[in-house]
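S.K.: If you're matching them up, the sequences are chains A and B in order. Each number in the working numbering comes from the position in the first sequence (counting from 1) with 75 added on. Each number in the working numbering comes from the position in the second sequence (counting from 1) with 77 added on.
One or more hints might be untrue.
Said to hold, decoys possible - Below, a list of computed lysine-lysine pairs in the BS3-like style, where the Cα atoms sit at most 27 Å apart:
1) B/K147 x B/K130
2) A/K136 x B/K130
3) B/K95 x A/K124
4) A/K124 x B/K80
What the hints assert, rightly or not - Partial selection, computed: residues in chain A whose CB lies under 7 Å from chain B:
5) P115
6) Q117
7) L119
8) G137
9) F138
10) A185
Unchecked claim - Derived, one-sided and incomplete: chain B residues facing chain A with beta-carbon distance under 8 Å:
11) G93
12) L118
13) L122
14) F125
15) V129
16) M131
17) P138
18) G140
19) E178
20) Q179
21) F181
22) P183
23) G184
Because the hints were derived from the structure by calculation, they are not lab data. Note that the structure is a prediction, hence the values are computed from the model and not measured. Heads up, the beta-carbon is just placed ideally off N, CA and C, and yes, glycines get one too.
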Amino acid sequence: AQSVTQPDIHITVSEGASLELRCNYSYGATPYLFWYVQSPGQGLQLLLKYFSGDTLVQGIKGFEAEFKRSQSSFNLRKPSVHWSDAAEYFCAVHGGATNKLIFGTGTLLAVQP
Amino acid sequence: DVKVTQSSRYLVKRTGEKVFLECVQDMDHENMFWYRQDPGLGLRLIYFSYDVKMKEKGDIPEGYSVSREKKERFSLILESASTNQTSMYLCASSFPAELYEQYFGPGTRLTVT
């Protein structure tokens, strides 16, 4: 069965520092992968997605993610974090023959001034 | 821009009450979804719908039902609310041609006392 693991529940970084949020997936075929962000009190907003092709994908708000098949990973990165990036981040994988998305448990990002 | 709206941001109900959560999308999407979000558990799919009057159970359908009489509207029904249904409820929609990208509403925080 498809699954997504986000090993870090909570991460704190300083403003201006680089960021990497980890995501590992389990899926038999080529996965469709997504990163969503949820700001406090808001719904989820799509940051970026990977379907095929170039393994480094660019998203909104300066985020990027790299698909590594050998490691079953799709880590989210940002070179310089802004205070407004404080939010919860969810990785998701498309769940096979249905239109379902399988979500990870999320990583809560705090940004220190 | 796709807009997904939910009828209430906050809702307080008593145990045993029948609760309706409404979701409306304005982009003519075929697919609509209801999730619940709990700390440490991420998003879990309750029900989804591929078309009007079509519905399928997700991962945690017990205690819930849904209704989709019009394409733009997808309702989640708690037949007899219980305290363990206190949660954040998120509605989403998607268009099949957009390869599973889902658009989310702002969420309804339901408290059952």
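S.K.: Please check whether B/F181 passes as an interface residue: C-beta within 8 Å of a C-beta belonging to chain A.
M.R.: holds, 4 Å
S.K.: Does the nearest C-beta of chain A fall within a distance shorter than 8 Å of the C-beta of B/E178?
M.R.: This hint holds: B/E178 lies near chain A, its Cβ roughly 6 Å from the closest one there, short of 8 Å.
S.K.: Given B/G184 was flagged as interface, is its beta-carbon under 8 Å from a beta-carbon of chain A?
M.R.: Holds: closest Cβ of chain A sits about 5 Å from B/G184, inside 8 Å.
S.K.: Please work out if A/K136 and B/K130 have their alpha carbons no farther apart than 27 Å.
M.R.: With a Cα-Cα distance of about 38 Å, the restraint between A/K136 and B/K130 is violated, given a limit of 27 Å.
S.K.: Min Cβ distance, B/M131 to chain A: is it shorter than 8 Å?
M.R.: violated, 12 Å
S.K.: Can B/L122 be said to touch chain A, with a Cβ gap under 8 Å?
M.R.: holds, 6 Å
S.K.: Tell me if B/G93 is really an interface residue toward chain A, meaning its C-beta lies closer than 8 Å to one of theirs.
M.R.: violated, 28 Å
S.K.: Next item in the hint list is B/P138. Is there a CB on chain A closer than 8 Å to its CB?
M.R.: violated, 13 Å
S.K.: Does A/Q117 pass the interface hint, meaning its C-beta sits closer than 7 Å to a C-beta of chain B?
M.R.: Hint holds; A/Q117 Cβ to chain B Cβ min 6 Å, cut 7 Å.
S.K.: Verify the proposed pairing of B/K95 with A/K124, using a straight-line Cα cut of 27 Å.
M.R.: Measuring from Cα to Cα gives roughly 38 Å; hence the hint is violated.
S.K.: Have a go at the A/A185 hint: is there a Cβ in chain B nearer than 7 Å to its own Cβ?
M.R.: Hint violated; A/A185 Cβ to chain B Cβ min 15 Å, cut 7 Å.
S.K.: Is the hint on B/L118 kept, meaning its closest Cβ partner in chain A is under 8 Å away?
M.R.: OK, holds: B/L118 within 8 Å of chain A, min 6 Å.
In this structure, the hints that do not hold are numbers 2, 3, 5, 8, 9, 10, 11, 15, 16, 17 and 18, in rising order.
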